[in-house]
Structure formats: C-alpha cells, structure tokens
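**Q** Take a look at the letters that make up each chain.
Number of protein chains: 2
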Amino acid sequence: MTSIQEIDTPAALIDVPRMQRNIERMQERMNTLSVRFRPHVKTAKCLPVAGAQREAGAEGITVSTLKEAEQFFEAGFSDILYAVGIVPSKLSQVLALRKRGCDLKIIVDNVETAREIGRFGKAHEDVFDVWIEIDTDGHRSGIKPEEEALLEIARVLQEAGMRMGGIMTHAGSSYDYNTPEALKAIAEQERAGAVRAAERLREAGLPCPVVSVGSTPTALSAEQLDGVTEVRAGVYVLFDLVMRNVGVCTEDDIALSVLTTVIGHQQEKGWAIVDAGWMAMSRDRGTQKQPHDFGFGQVCTEDGTLLEGYILSSANQEHGVLSHVGETDKNILERFPIGTRLRILPNHACATGAQHPEYQAILPDGTVQTWPRFYGW
Amino acid sequence: MTSIQEIDTPAALIDVPRMQRNIERMQERMNTLSVRFRPHVKTAKCLPVAGAQREAGAEGITVSTLKEAEQFFEAGFSDILYAVGIVPSKLSQVLALRKRGCDLKIIVDNVETAREIGRFGKAHEDVFDVWIEIDTDGHRSGIKPEEEALLEIARVLQEAGMRMGGIMTHAGSSYDYNTPEALKAIAEQERAGAVRAAERLREAGLPCPVVSVGSTPTALSAEQLDGVTEVRAGVYVLFDLVMRNVGVCTEDDIALSVLTTVIGHQQEKGWAIVDAGWMAMSRDRGTQKQPHDFGFGQVCTEDGTLLEGYILSSANQEHGVLSHVGETDKNILERFPIGTRLRILPNHACATGAQHPEYQAILPDGTVQTWPRFYGW
Numbered sequence: 000m001t002s003i004q005e006i007d008t009p010a011a012l013i014d015v016p017r018m019q020r021n022i023e024r025m026q027e028r029m030n031t032l033s034v035r036f037r038p039h040v041k042t043a044k045c046l047p048v049a050g051a052q053r054e055a056g057a058e059g060i061t062v063s064t065l066k067e068a069e070q071f072f073e074a075g076f077s078d079i080l081y082a083v084g085i086v087p088s089k090l091s092q093v094l095a096l097r098k099r100g101c102d103l104k105i106i107v108d109n110v111e112t113a114r115e116i117g118r119f120g121k122a123h124e125d126v127f128d129v130w131i132e133i134d135t136d137g138h139r140s141g142i143k144p145e146e147e148a149l150l151e152i153a154r155v156l157q158e159a160g161m162r163m164g165g166i167m168t169h170a171g172s173s174y175d176y177n178t179p180e181a182l183k184a185i186a187e188q189e190r191a192g193a194v195r196a197a198e199r200l201r202e203a204g205l206p207c208p209v210v211s212v213g214s215t216p217t218a219l220s221a222e223q224l225d226g227v228t229e230v231r232a233g234v235y236v237l238f239d240l241v242m243r244n245v246g247v248c249t250e251d252d253i254a255l256s257v258l259t260t261v262i263g264h265q266q267e268k269g270w271a272i273v274d275a276g277w278m279a280m281s282r283d284r285g286t287q288k289q290p291h292d293f294g295f296g297q298v299c300t301e302d303g304t305l306l307e308g309y310i311l312s313s314a315n316q317e318h319g320v321l322s323h324v325g326e327t328d329k330n331i332l333e334r335f336p337i338g339t340r341l342r343i344l345p346n347h348a349c350a351t352g353a354q355h356p357e358y359q360a361i362l363p364d365g366t367v368q369t370w371p372r373f374y375g376w
Numbered sequence: 000m001t002s003i004q005e006i007d008t009p010a011a012l013i014d015v016p017r018m019q020r021n022i023e024r025m026q027e028r029m030n031t032l033s034v035r036f037r038p039h040v041k042t043a044k045c046l047p048v049a050g051a052q053r054e055a056g057a058e059g060i061t062v063s064t065l066k067e068a069e070q071f072f073e074a075g076f077s078d079i080l081y082a083v084g085i086v087p088s089k090l091s092q093v094l095a096l097r098k099r100g101c102d103l104k105i106i107v108d109n110v111e112t113a114r115e116i117g118r119f120g121k122a123h124e125d126v127f128d129v130w131i132e133i134d135t136d137g138h139r140s141g142i143k144p145e146e147e148a149l150l151e152i153a154r155v156l157q158e159a160g161m162r163m164g165g166i167m168t169h170a171g172s173s174y175d176y177n178t179p180e181a182l183k184a185i186a187e188q189e190r191a192g193a194v195r196a197a198e199r200l201r202e203a204g205l206p207c208p209v210v211s212v213g214s215t216p217t218a219l220s221a222e223q224l225d226g227v228t229e230v231r232a233g234v235y236v237l238f239d240l241v242m243r244n245v246g247v248c249t250e251d252d253i254a255l256s257v258l259t260t261v262i263g264h265q266q267e268k269g270w271a272i273v274d275a276g277w278m279a280m281s282r283d284r285g286t287q288k289q290p291h292d293f294g295f296g297q298v299c300t301e302d303g304t305l306l307e308g309y310i311l312s313s314a315n316q317e318h319g320v321l322s323h324v325g326e327t328d329k330n331i332l333e334r335f336p337i338g339t340r341l342r343i344l345p346n347h348a349c350a351t352g353a354q355h356p357e358y359q360a361i362l363p364d365g366t367v368q369t370w371p372r373f374y375g376w
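Heads up: the sequence lines are chains A and B, in that order. Quick note on numbering that gives the first Met the number 0: the first sequence kicks off at 0 and runs consecutively. Quick note on numbering that gives the first Met the number 0: the second sequence kicks off at 0 and runs consecutively.
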C-alpha cells in the first residue's frame with residue numbers, strides 16, 4: 000500500500016523508524032556493556048522485526064514457544080533459546096528440531112526434569128544443550144543461586160552426558176518499579192544472583208559458559224554487567240504504556256499502535272465509539288495499578304500525534320469507548336466526527352500484537368508493508 | 000485423535016456434550032417464549048459450533064466483524080446481522096458480500112451515517128437492509144427509544160429507498176448483575192425499550208418488522224418477550240466463570256477449558272507453574288470485580304473434575320501460577336507433580352477462544368476433533 004490512509008481498521012501498526020531507533024538504542028547499550036544481545040522474539044513474533052534486530056548486531060534469539068522456535072528456524076535463525084522450563088512431554092519436539100540442525104537450547108529448574116532430559120537424550124543419542132533457570136527476584140520460576148539443587152541439577156546433566164550450557168535468569172519483577180534508582184537496584188540484583196549461581200557451579204568444577212540475564216527494564220537500567228555474557232529483552236523493540244510508566248521510554252518511543260475509526264457517539268456522556276475493542280487492543284490493563292492509568296490505551300491522531308487526556312476508557316469485543324479523562328468533553332462529536340481515524344497506543348505490546356494476524360509496517364517514506372506474525376502453539 | 004491424552008498443551012478444549020446441552024437449553028427457552036433465535040457467533044468463530052446451533056433450530060447468525068460475515072457466508076450461512084454500527088468506509092465491503100448473495104443486515108444509530116448509507120446504496124443500486132440500534136441500558140451504542148432521531152433515521156433510510164429492517168438492542172449491562180430478580184428486571188427493561196422504539200416507528204407510519212434483543216443473561220432470564228421477534232446471545236454456547244458469577248450457569252455447564260501441563264514448582268510458596276499463561280487464557284480478569292474472583296481461571300483435573308480452591312492466581316505470557324486460595328498448599332509438589340495435566344476453566348470464553356487458532360473438541364465418545372476458528376479482521 001502506498002499510505003496509511005488505505006489500511007482498513009482496526010489494524011496493528013508498527014512505526015518502523017521508532018522500532019529501528021529502539022533496536023539501535025538497546026544494541027548500542029549492550030555493545031557499551033560488552034555483552035551479547037539475544038532478543039526475545041515473543042513480543043512481535045515477526046520475521047522482519049527479528050531480522051532488523053539481527054542486522055543491528057543481535058546474536059541468537061529467545062522464544063517462548065516451540066512453535067516460535069520452528070517458525071524462526073525455518074526462516075534461518077538457528078541459535079535459539081526456549082526460555083520456558085522444559086517438560087518431558089515436549090522433549091521429542093525439541094529433539095526433532097535439533098536433528099534438523101537447530102541449535103536449540105532448553106532450560107530446567109528441578110532435578111526430576113534434569114534426570115528425564117538425561118534419560119531421553121541418552122536414549123535418542125542427542126547431547127541436549129541445557130541451561131539452568133535461576134530465580135533472582137522470587138517472581139516466577141527458577142532455583143535460587145544458593146540452593147543445593149543447583150549443583151545437583153548440573154551434576155545430573157553432566158553425568159548423563161548432556162551439555163551444561165549455562166544459567167539464565169529473568170527479573171520479571173522489574174516491571175513493578177518506576178524510579179531509576181529502583182531499576183538500577185533490581186538490575187544489579189539480577190546480575191549479582193546470576194553471577195553467583197555461575198560461580199557456585201564453577202567452584203564445584205562444573206562448567207557454566209553462558210550467564211544470561213534480562214528484561215527490558217533491567218537491560219536499560221543496569222550500570223554494569225560484570226560476569227554476564229548475554230542479555231535478553233523483548234518488549235523494548237516496540238515499547239508500550241506499561242514501559243512508559245516504568246520509566247524506560249516515553250510515548251514517542253512506542254512503535255506499536257492500533258489504527259481505528261470512529262463509528263458513533265454518546266454526546267452527553269462525552270463518548271466517541273471506535274471500532275477497536277478488546278479484540279484489537281487485548282484485555283491487558285497493565286497500567287491499571289501504575290501511577291498513570293491509560294484505560295485500554297492512549298489516543299493519538301492518525302499520524303501519531305498524542306491527544307493528551309484522551310484514552311480508551313472501556314472496551315467490549317469490537318467496540319472501544321473513547322473519552323476524556325476527568326472533565327467530560329461536550330464537544331466530542333465535533334472533535335471526532337464519524338469516520339475519524341485515530342491511533343491507540345497499547346498498554347502491553349506483547350498482548351496487543353497477539354490479537355492481530357499481521358502488522359501494517361509504516362516505513363520511513365510513509366508506504367506500508369504487511370508483516371505477518373505467528374500465533375498458536 | 001483417539002483421546003485427550005494425545006493433545007499437546009496448551010490447547011483450547013470444547014466439551015461437546017456440555018456445548019450441546021447449552022445449545023438445547025437456550026433453543027428450548029426461545030421456542031417456549033415464541034421468538035426466533037439468532038446466535039452471536041463471535042464467541043466461538045467456529046463452523047461446527049454454529050452448525051450445531053442451526054441444527055437445534057437457530058435462524059440466522061449475528062457477527063461482530065465483516066471477516067466473520069465473509070467466512071460464515073462462504074460456509075453456507077446467508078442470513079447474517081453485522082451487529083456493530085456500520086461506518087461509511089465499510090459499506091463497499093458490505094456491498095460486495097450482498098452482491099454475492101449474502102443477506103447481510105447492517106445497523107446504524109445516527110442520522111449522518113443513515114444518510115451515507117442511503118447515498119451509497121442509491122449510487123450502487125442496492126437496497127441495504129438496515130436496522131436501527133437502540134440503547135436500552137446506557138452501556139454503549141444506540142439511540143434511546145424516546146429520542147427524536149429514531150424517526151429521523153428511519154425516514155432518511157426510507158426516503159433513500161433503503162429497507163428499514165427493524166430495530167435491535169443489546170443489554171450488555173446485564174453482565175453487572177447477579178441475582179435472578181435483577182436479571183429479570185434488566186431483561187424486561189431491554190424488552191420494553193425495544194418494543195417502545197418499534198411502536199414509535201410504527202405509530203409514525205414507518206415499518207419495523209424485526210424487534211431483536213439479547214445478551215446471554217437477559218435471554219436466560221426474561222419472563223416474557225411480548226413484541227420481540229428474535230433474540231441474540233453468544234457466550235451461552237460455551238459459558239464461562241463470569242456467567243457462573245452472574246448466576247446463569249454453573250461450573251458444570253462451562254464447555255470451554257484450557258488443557259495445560261505442570262512444568263515446575265515453588266514449593267514453599269505453594270505454587271505449581273503450568274504452561275498456560277495469559278497467551279492461552281487471555282488477559283481477561285472478568286471475575287476480578289465479581290463476588291467470586293477466580294484469578295485467571297478455575298483448575299480442574301484432566302478429565303474435568305473441579306479442584307475446589309485451586310486457581311491460576313497469576314499469569315505471564317507462557318507461564319501460569321497455580322495456587323490454592325487462602326491457605327498455602329505445602330503439598331503442591333506431591334499434589335501436582337511435573338507432567339500433571341489439568342484443565343483450566345476461563346473467565347471469559349470469547350476472550351480465551353480468541354487466543355487459539357483452533358479448538359480440540361472432545362466428542363461424547365472421548366475422541367477428539369480439531370475445529371478451526373477464524374480470527375483477524
């Protein structure tokens with residue numbers, strides 16, 4: 000398409016110059032901190048996006064499903080970390096990918112699964128590349144750096160002839176903070192915990208070549224990454240309102256938006272009704288508990304200019320309610336007549352993208368390319 | 000597949016006997032109330048589901064996007080109501096479907112769009128079948144039964160040679176109630192408002208053949224539907240935890256669930272980690288403000304037996320945290336060992352279904368059929 004005006008609504012737009020700026024900002028930071036960068040492709044699940052990250056210097060990718068691993072491997076990505084704890088029933092799918100030549104790494108955080116990996120690997124004559132998941136902030140999976148089981152897992156893997164590839168951690172709790180000081184502290188906690196786990200392994204004579212950390216807030220806040228070999232981050236590539244509230248981007252960095260059309264009004268309530276409901280925005284209300292609640296999204300003009308104070312205040316499946324925060328806008332009908340096209344910035348880029356079969360990528364010259372995305376498992 | 004044990008996780012399951020029971024319950028109710036029934040297919044977006052509804056006696060379907068209209072028309076459904084206020088930019092897509100033989104009806108709630116429909120219809124020599132959207136509970140779109148604009152819209156359409164097909168309303172606020180008395184009252188308010196709007200049109204000498212109302216709670220609560228010609232409802236076909244809290248179904252009626260596998264634990268916190276995160280469940284937290292908050296879903300065994308008190312208490316993209324409400328379960332690891340397969344009942348069937356490319360339908364004999372679903376716009 001030659002311009003944004005030709006896109007049917009609702010549609011997910013990627014502002015490519017903004018995306019490119021986000022990619023360069025992160026890669027430069029990683030270069031300065033002397034670590035490799037392995038982007039998490041679950042945010043966009045989109046080949047041109049991952050291609051731009053690789054072009055800028057990223058090495059390898061991180062995935063959240065084996066479907067992503069399959070799709071990206073078929074598209075030429077080979078160094079892939081599957082960053083969800085492996086379960087024995089998924090090992091045959093992992094094996095099939097590895098037999099095809101995919102350098103797929105898996106993660107584990109318990110002895111029982113480590114034993115199963117060893118048994119399965121031996122039985123099928125594969126040396127799985129296994130990383131141990133470390134819990135550095137108590138928010139989800141992983142074992143703590145000081146736990147005895149850390150060494151036991153590594154020994155079980157090594158004795159079964161598997162490759163102890165390293166350790167990885169994800170400080171997901173970094174999303175809960177919003178000051179530079181707090182973010183620096185959680186980044187340092189993530190780094191220190193990961194490095195400590197690696198040291199314990201090495202002191203016990205066990206190998207730990209990779210020390211992998213990351214989340215968008217910590218990757219953008221860490222002051223030093225001594226002992227870390229690689230960083231992972233996902234949402235930074237598009238950013239969103241949650242990250243704006245965390246303080247690691249501004250609205251002007253958000254590269255994902257949903258294009259929508261005004262389809263009606265409730266004049267006395269100050270509502271414009273738009274054709275982007277939760278099916279287009281997702282049900283994510285990530286800014287609800289943050290200092291600035293954007294409802295289901297921040298309203299912008301079709302060309303991306305922020306309309307301060309106007310948000311999607313509620314959403315049904317295919318209807319969004321656009322209103323002014325605070326005082327009712329009695330001129331809503333004149334301000335946004337039927338047919339007006341607007342962009343809505345999302346709370347959470349990973350969730351909003353997942354609602355769409357494809358992105359409409361707005362290139363620097365204003366022309367539009369359709370970029371498909373994967374979904375399902 | 001021959002059984003549920005062969006399904007990879009996460010996956011969306013439909014319990015077909017439950018679905019069939021839900022379909023029959025609603026259709027029998029509609030037959031008793033002497034109204035036609037036009038199911039809203041946005042919940043499942045799935046041909047076998049709509050086929051079962053038609054088989055039971057449904058006449059026509061309701062859709063939430065023109066993509067659904069296209070897909071269902073190609074599969075042999077012709078009488079289709081597009082129940083989102085039409086916007087002039089979408090008229091050419093409507094026209095194309097009608098020229099192919101689709102009996103597609105559109106809705107409008109303002110004079111300006113009615114004029115555009117008239118102009119476009121005349122210019123392209125089509126008599127659009129247009130229904131006026133009525134607002135009977137103030138929750139979203141539509142004009143109020145007593146508004147002057149009601150007659151003006153109908154006159155504009157008639158003067159332009161369009162077909163005034165009727166009026167329609169949707170008491171979406173019925174989701175906010177949870178007693179039979181309140182639901183009966185909102186159902187009567189929906190009925191009375193719709194009938195009043197139809198009467199005003201007829202008194203002014205304007206035609207109004209169809210009087211269409213509906214939402215799952217009101218359809219299941221209305222005591223009488225005098226003056227109504229058809230009812231619409233969507234989520235009743237699968238039901239969900241929000242509807243359980245509204246009081247129109249029990250957990251045993253919920254036909255949609257997400258199959259998941261335990262991948263790890265945080266023993267001292269009483270957590271089991273499963274491979275169904277918000278990508279599989281959706282970000283919908285519809286029960287959050289209801290009397291019984293189910294987190295991201297209610298946990299059941301693989302065969303569907305309810306595990307009282309166990310819910311998905313939080314969710315990341317591909318990780319769900321399963322825990323006991325109230326007292327921490329210190330035996331979580333023994334209760335749900337790694338590899339345990341569970342079903343999770345969702346908050347909102349429309350939102351959870353939308354996360355999946357397909358359903359795994361569990362037939363009465365326990366065998367499994369894959370039922371694809373549509374998505375996108």
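In short, the hints are calculated from the structure, not lab data. Just so it is clear, CB atoms sit at the ideal spot from N, CA and C, and this is done for glycine as well. Among the hints, erroneous ones may be present.
[Stated by the list, open to error] Not the full set, but computed from the structure, chain A residues with beta-carbon under 8 Å of chain B:
1) I6
2) N30
3) R35
4) T64
5) V83
6) S91
7) E111
8) E180
9) A184
10) M278
11) D283
12) S312
13) N315
14) C349
15) A350
16) W370
**Q** Hints first: check each against the structure and report whether it holds.
**A** Right, here's what the structure says about each hint:
1. Taken as an interface hint, A/I6 does not check out: its beta carbon lies about 11 Å from the nearest beta carbon of chain B, beyond 8 Å.
2. Residue-level restraint check for A/N30 is violated (minimum Cβ-Cβ distance to chain B is 28 Å; threshold 8 Å).
3. Because the closest C-beta pair between A/R35 and chain B is about 23 Å apart, greater than 8 Å, the hint is violated.
4. Annotation: interface hint on A/T64 holds; nearest CB of chain B at approximately 6 Å, less than 8 Å.
5. A distance limit of 8 Å between C-beta atoms decides the matter here; for A/V83 the minimum to chain B is near 5 Å, and the interface restraint holds.
6. At its closest, the beta carbon of A/S91 sits 10 Å from a beta carbon of chain B; the interface hint therefore is violated under the 8 Å criterion.
7. With a cut of 8 Å, the hint placing A/E111 at the interface with chain B holds, because the nearest CB-to-CB distance is about 6 Å.
8. Interface restraint check for A/E180: the shortest CB-CB distance to chain B comes to about 25 Å, outside 8 Å, so the restraint is violated.
9. Interface restraint check: A/A184 against chain B, minimum CB-CB distance 22 Å, threshold 8 Å, status violated.
10. For A/M278, the suggested interface contact is upheld, since its CB lies about 6 Å from the closest CB of chain B, less than 8 Å.
11. Nearest Cβ of chain B to the Cβ of A/D283: about 4 Å, under the 8 Å cut. The hint holds.
12. Interface restraint check: A/S312 against chain B, minimum CB-CB distance 12 Å, threshold 8 Å, status violated.
13. A least Cβ separation of about 6 Å between A/N315 and chain B falls short of the 8 Å threshold, and the interface hint therefore holds.
14. Proximity of A/C349 to chain B holds as hinted, the smallest CB-CB distance being about 6 Å (cut-off 8 Å).
15. Satisfaction of the interface hint for A/A350 is found here, the shortest Cβ-Cβ separation to chain B being roughly 5 Å, below the 8 Å cut-off.
16. The interface hint given for A/W370 is violated, since its Cβ lies 14 Å from the closest Cβ of chain B, which is over the 8 Å cut-off.
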